[in-house]
Amino acid sequence: MSAKAAMESRATTAHPDVAQLMRQYGCGPIQFTGNDGLYERHLLFDNVQDEERMGARERFEAAARSIRDVLSQRWVLTEKTYEHENAKRVYYLSMEFLLGRSLSNNITNLLFSRIAEQIEKEKKIDFFPIQEEEPDAGLGNGGLGRLAACFLDSMATLQLPATGYGLRYEYGIFRQVIEDGWQKEQPDNWLRIPDPWEVIRPHERVEIKLNCSFELHDGMLRAVTGRPSFLYGIPFDRPIVGYGGKTINTLRLWAAATADYFDFQKFSSGDFVGALTETLAAESLTRVLYPDDSTSMGKALRLVQEYFLVACSLADLVRRFRRNNSDWSTLPDKAAIQLNDTHPTLAVPELMRILLDDEHLEWEQAWDITQRTLAYTNHTLLPEALEKWPVEWFEAIMPRHLEIIYEINRRFLGSVRERFPGDEGRVGRVSLIEEGLKRNVRMANLAIVGSHSTNGVAAIHSELLRTVTVKDLAEMYPDRFNNKTNGVTPRRWLLLANPALSGAITEAIGDAWITDLSQLKKLSSLADDKGFHKAFLKAKRDAKVQFATWLKTTTGQIVDCDTIIDCQVKRIHEYKRQLLNALRIVVLYNRLRENPNLEMAHRTFIFAGKAAPAYRLAKLIIKFINNLAGTIDGDPTVRERIKVLFLPEYCVSMAEHLIPATDISNQISTAGYEASGTSNMKFMMNGALTIGTRDGATIEMAEEAGEENFFLFGLTAEQVADSRGWYNPWWHYQNDPETRAALNMIFSDYFSRNEPGVFEPLRETLLTGGDHYMHLADLNSYLDADQQLCTLYSNPDAWARKAILNIAGSGKFSSDRTITDYATEIWKVGSCPIPECGVK
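With positions in the sequence shown counted from 1, the corresponding number in this note's numbering is that position plus 287.
Worth flagging that the hints you see were computed from the coordinates, not collected in a lab.
Beta-carbon label-pair distances, calculated as ranges: (1) Gly-712 to Glu-1123: 55 to 65 Å; (2) Phe-332 to Ile-465: 33 to 43 Å; (3) Pro-515 to Gly-701: 28 to 38 Å; (4) Asp-333 to Pro-515: 35 to 45 Å; (5) Asp-710 to Pro-481: 56 to 66 Å; (6) Glu-570 to Pro-515: 11 to 21 Å; (7) Gln-1074 to Glu-990: 18 to 28 Å; (8) Asn-1022 to Glu-570: 52 to 62 Å; (9) Thr-1003 to Arg-1027: 23 to 33 Å.
On a predicted model such as this, the values are computed, not experimentally measured, just so you know.
Backbone N, C-alpha and C define an ideal beta-carbon position, used for all residues, glycine too.
Using the sequences plus the hints, can you model the full thing?
Rendered as structure tokens:
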């Protein structure tokens, strides 16, 4: 019996209809031999011109469409299997999915890497410029969106029936350029050329009702209340390939549109723009990721975006539910909806509206179904980051949802008063409505009350969330709170990003680690093996050379591969303390100026990350880092010893080059402020050593690898909290000579001779304003840890030993482990294997 017949026989025995599905949607192995002409056909017929005139972009599109052709049957079979099995599904709602490039990732997960290398060799195709033609999908900003992308990869790899829901932003947050040291924002029009991975599904559009419409007034779109309007959500699907190509899940992104609307009378009278106002308003809704929130119009647009995501996604998943189910009480058994932060919290009143108004259920049943279906992930301890929206906006845009929120709150506060009689202070703190001059809806409170699970994303974060941030709600619902420490996918962040190191690991312990990262523990026994030391150090050197070549080619910046590469890459924010890192460099610079013969390891300090457009101090920190870099470059006594680089336009693709090359990872947030971090995990599994505070997931990373293999410093979260009442940064200025010298240089315009006073706001931040994030309190401890780290680097075998133990300890931080925890403890969802077709 052939393999194909055997598979059909097994499928028929278990599920009579599956064999038919396999015949219809592809039961043979996924093949890509390079001789089937897919690439050549797409190159010719999609472009209709001579091959010699085609550039790298045309070749990228041909390669991407060829891969999509190969996976399409398996993609269809995946969805058909889920529907046939009527499996419980996960619906992951997120305003961000920071995917990165898809071509190389899909080739890796389909196990086509060797074939691609063979084609590259046989056809003399240079794959590098082809890959570089794919823009990073502008669907996210930072850790929240990248985590969501890792989770999708793991759900597909674990063969969980899952769909991601997001918005199809035409423009990313912005493209970052540096001019005279300052961040400048330019449009990130990543969809200016059609994306070959997405599939539009216009026949599956959904209709969304708003209680307002829009008109053009003085060149601005303005909401007009009391005049209802309709929007259409048009789904665009992208394949999410699990490792091995067995399961191909879907990321469904919604684009806003309106009915084909054209006001002929306005056009005829010469109001050409007004004739298209409704269309412009609709399309503007999903135009930009994170509209400028420094204006009320920008904030209001963000709220409408959040509602649009929720309304479209729930309408779509309800449609799926109804195909095979009629009993609404079974919805929690068929759907697990995960809210990635507060942004999709409107799912609570929207699901209630569907159950109450459309399906006519009683309140108690609808509320029970809603709570058991929804779960909420919190990503922040910062009170200002817990979303609140004005009640008046709800009244204007979605009054029915406000009615439902009021009723939820009335019933909830009744239960609070019953349990804590006379405690009206508690009632005010937990209420879904914040009272004051302007009343607001507290979205985090709504998410907690309206779901059955609230999780943090690292052990310390979950503990502080429960005992500090939402303490009163946690006391009301103690059983709902839990921890799910974040993780990252090892497929993209080790196998794909670092072929030299992943090859060395596979040669040493086999390749099972790719889907079971706990296997890396086996490397512990090789921590003292000189042969593996050599393999690790060679892999790190190869990664450095590759990164330096890529950086010079793409940005023109130069990195000396013989220096320690010391990185801090993440969103620019005061609590993440890029400014503390810069102060460290100023102190080291001063030491070299005072003693040019000082023994000090040669260093390259790399910063990368974006500041929110309206976050002035964060943008000033970028300016300071760039001025610091320029000053050091201009000083002949030190420029061969230390170098500072700020890399503009940090993105997933840049991270894939930079992280494998990094020796030192800075994770230096003020303790108690970083929820988790995921870049720290990527650096760890790529063999960088961490210098950091006891914050976020860094605490758990040190537990796994051993604190002796980390360089931890600074105040703990408890010490930060306990010192709030008495901390005085002036003490450090007056009593720490190196601190005082560094600050005096900054405030004397040493780094801004042509722009006197430009860094005066840093004085306010660090001294007169009280140094809220305690930069000066941790600076000396940071410098001590830095010295220990540099001393270790002078001994390659000792360095390699600690780095190998870090890699060995990184197994816990796979997103596969995180998703397994979500699936078993929150979602109660099992795998749904697709009929085996094999991958060749």
